[in-house]
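*Asks:* So the chains spell out like this:
2 protein chains.
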Amino acid sequence: MDNLRILATNDDGILADGLQQLVEELSQIASVLVAAPDRERSATGHAITMFQPLRAKATEVPGAEAAYAISGTPADCVKLAVDMLFPKQIDLIVSGINRGANLGTDVLYSGTVSAALEGVMLGLPAIAFSLAEVAAPDFKPVASLARNLIETMWQKTWPADTLLNINVPQVSEDLKGIKVTTLGHIRYNNPILEREDPWGGTYYWLAGQVPENNHVEPSDVWAINNGYVSLTPIQFDLTDYRLLDTITSWKLQLPKNGGR
Amino acid sequence: MDNLRILATNDDGILADGLQQLVEELSQIASVLVAAPDRERSATGHAITMFQPLRAKATEVPGAEAAYAISGTPADCVKLAVDMLFPKQIDLIVSGINRGANLGTDVLYSGTVSAALEGVMLGLPAIAFSLAEVAAPDFKPVASLARNLIETMWQKTWPADTLLNINVPQVSEDLKGIKVTTLGHIRYNNPILEREDPWGGTYYWLAGQVPENNHVEPSDVWAINNGYVSLTPIQFDLTDYRLLDTITSWKLQLPKNGGR
Chain U
213 MDNLRILATN
223 DDGILADGLQ
233 QLVEELSQIA
243 SVLVAAPDRE
253 RSATGHAITM
263 FQPLRAKATE
273 VPGAEAAYAI
283 SGTPADCVKL
293 AVDMLFPKQI
303 DLIVSGINRG
313 ANLGTDVLYS
323 GTVSAALEGV
333 MLGLPAIAFS
343 LAEVAAPDFK
353 PVASLARNLI
363 ETMWQKTWPA
373 DTLLNINVPQ
383 VSEDLKGIKV
393 TTLGHIRYNN
403 PILEREDPWG
413 GTYYWLAGQV
423 PENNHVEPSD
433 VWAINNGYVS
443 LTPIQFDLTD
453 YRLLDTITSW
463 KLQLPKNGGR
Chain P
213 MDNLRILATN
223 DDGILADGLQ
233 QLVEELSQIA
243 SVLVAAPDRE
253 RSATGHAITM
263 FQPLRAKATE
273 VPGAEAAYAI
283 SGTPADCVKL
293 AVDMLFPKQI
303 DLIVSGINRG
313 ANLGTDVLYS
323 GTVSAALEGV
333 MLGLPAIAFS
343 LAEVAAPDFK
353 PVASLARNLI
363 ETMWQKTWPA
373 DTLLNINVPQ
383 VSEDLKGIKV
393 TTLGHIRYNN
403 PILEREDPWG
413 GTYYWLAGQV
423 PENNHVEPSD
433 VWAINNGYVS
443 LTPIQFDLTD
453 YRLLDTITSW
463 KLQLPKNGGR
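Those sequence lines, one after another, are chains U and P.
Residue numbering for the first sequence follows my numbering, beginning at 213 and increasing consecutively.
Residue numbering for the second sequence follows my numbering, beginning at 213 and increasing consecutively.
No wet-lab data here; the hints were simulated from the structure.
One or more of the hints may lead you astray.
Copies of the same chain look alike in the list, so a pair counts if it fits in one copy or across any two.
Under the rule of at most 20 Å between Cα atoms (straight-line distance), these lysine-lysine pairs were calculated in the PhoX-like manner [said to hold, decoys possible]: (1) K468 x K352; (2) K463 x K300; (3) K388 x K352; (4) K269 x K463; (5) K468 x K300; (6) K388 x K269; (7) K352 x K269.
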């Protein structure tokens with residue numbers, strides 16, 4: 213594994229404990245390069261920065277051979293790292309360890325997962341790690357587990373267009389094992405909070421609770437709720453192949469004026 | 213169609229010509245409600261706003277029965293509209309008309325597509341329209357075509373968890389017809405531009421050109437390059453089902469210390 217070169221990134225920002233613990237641990241099995249947002253960029257989804265230039269500030273992260281703090285989104289960081297900062301120097305992208313789970317349909321909102329998915333779109337294998345604990349996350353044992361899993365999985369072969377999305381329950385529980393899962397469909401209860409400002413104006417918070425007990429095996433939400441590490445293979449082709457024949461059978465035509 | 217209630221949204225902002233033309237045209241066949249970003253939010257992907265409150269300012273859009281300019285992303289707008297501003301008043305979400313194409317893997321970066329996809333995730337049918345022309349877009353004929361297609365497609369049945377992503381070539385060309393397509397994999401040439409500021413600092417632009425002639429039927433990129441309207445069914449489950457058995461066969465185990 214000594215020749216393995218890993219790009220580490222995240223969406224909680226380059227100073228986040230989850231990234232720093234991950235880099236220190238992975239530096240024991242690989243050369244680690246870092247390109248991460250210069251501040252927290254959670255819930256940015258797959259946003260990219262097209263209308264402002266990006267800056268990349270060289271900095272130090274303990275264990276990393278080189279590190280840049282970047283004024284952009286997680287997807288920006290990976291684009292910049294792969295194509296400009298570390299060209300042809302990356303074997304594997306590892307995103308995380310995120311503070312909080314990235315499960316089910318919520319992965320579409322996740323900067324952590326989007327950074328890894330951007331790597332996969334650029335042709336590099338990628339793994340995302342998230343710790344399903346926000347209040348008092350302890351990243352050190354999760355970083356150790358991440359290293360162990362990477363050491364094992366790097367001996368296997370999987371398609372370069374597949375991302376491995378790994379969530380770990382909070383470490384205060386006994387882990388029951390590792391489940392290979394599918395993405396659950398998360399629908400929030402009470403998704404919007406309405407409040408009034410001191411001047412009588414209305415404002416809203418996106419919030420909501422995840423309903424419990426409506427996820428079943430092999431969903432990733434079920435796995436985490438039941439004390440398992442969840443591993444979901446993820447791909448980036450959103451085409452709904454089930455519908456191609458149906459829609460073709462509609463025989464849609466342009467209006468007679470050709471759409472003018 | 214008189215009882216049809218459409219939510220119109222976009223990512224170019226509530227003042228964008230593409231949205232305004234769409235609303236005027238659709239108001240002839242439906243009741244139109246609008247919830248759109250208060251400014252341009254292109255390339256925001258599926259970002260949501262979790263760490264700032266959202267404001268919704270009532271405003272007027274010609275043809276709309278009600279309209280709100282929202283201080284958030286396109287996905288925020290749809291969440292707020294469906295769950296708070298217009299609860300149980302929406303039959304169909306129409307996002308667009310975007311200034312510029314939303315094709316292939318680029319749909320992951322697209323606010324236009326993400327708004328529609330958010331609707332689908334909330335259980336509502338949704339259609340996204342984009343005009344593959346940035347410099348001098350003429351939205352009026354595209355809005356007319358959108359109305360015509362919606363009138364036809366609303367008579368059909370398709371799964372509520374499928375989004376219809378429609379791209380239209382620039383209107384200066386003769387349209388050849390409508391193709392049902394898959395999402396192409398877009399890899400940019402020269403994706404990063406490096407420049408120097410007046411003080412000797414380096415900055416970067418995400419840019420790049422889409423290589424021509426490496427897309428073939430039934431890709432959406434091919435369809436647009438060849439003068440067709442492209443219609444791609446899109447779903448939101450990123451699970452890579454092809455890999456579930458392979459990864460399960462790896463029989464991954466927790467390290468003996470349980471990951472601690």
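*Asks:* Hint by hint, say whether it matches the structure.
*Replies:* Hint-by-hint comparison with the structure:
1. Only between protomers do K468 and K352 lie at most 20 Å apart by alpha-carbon distance; the minimum there is 16 Å, versus 65 Å within a single protomer.
2. For the identical chains of this complex, K463 and K300 are neighbours neither inside a copy (46 Å) nor across copies (32 Å), given an alpha-carbon limit of 20 Å.
3. Within a single copy, K388 and K352 get their C-alpha atoms as close as 19 Å, which meets the 20 Å cut-off; across copies the closest is 59 Å, which misses it.
4. When the C-alpha separation of K269 and K463 is checked against a cutoff of 20 Å, the pair qualifies neither within a copy, at 54 Å, nor between copies, at 41 Å.
5. Taking identical chains as interchangeable, the C-alpha atoms of K468 and K300 are never at most 20 Å apart, the minima being 52 Å within one chain and 36 Å between chains.
6. In this assembly of identical chains, the alpha carbons of K388 and K269 never lie at most 20 Å apart, being 42 Å within a copy and 49 Å across copies at closest.
7. For the identical chains of this complex, K352 and K269 are neighbours neither inside a copy (27 Å) nor across copies (45 Å), given an alpha-carbon limit of 20 Å.
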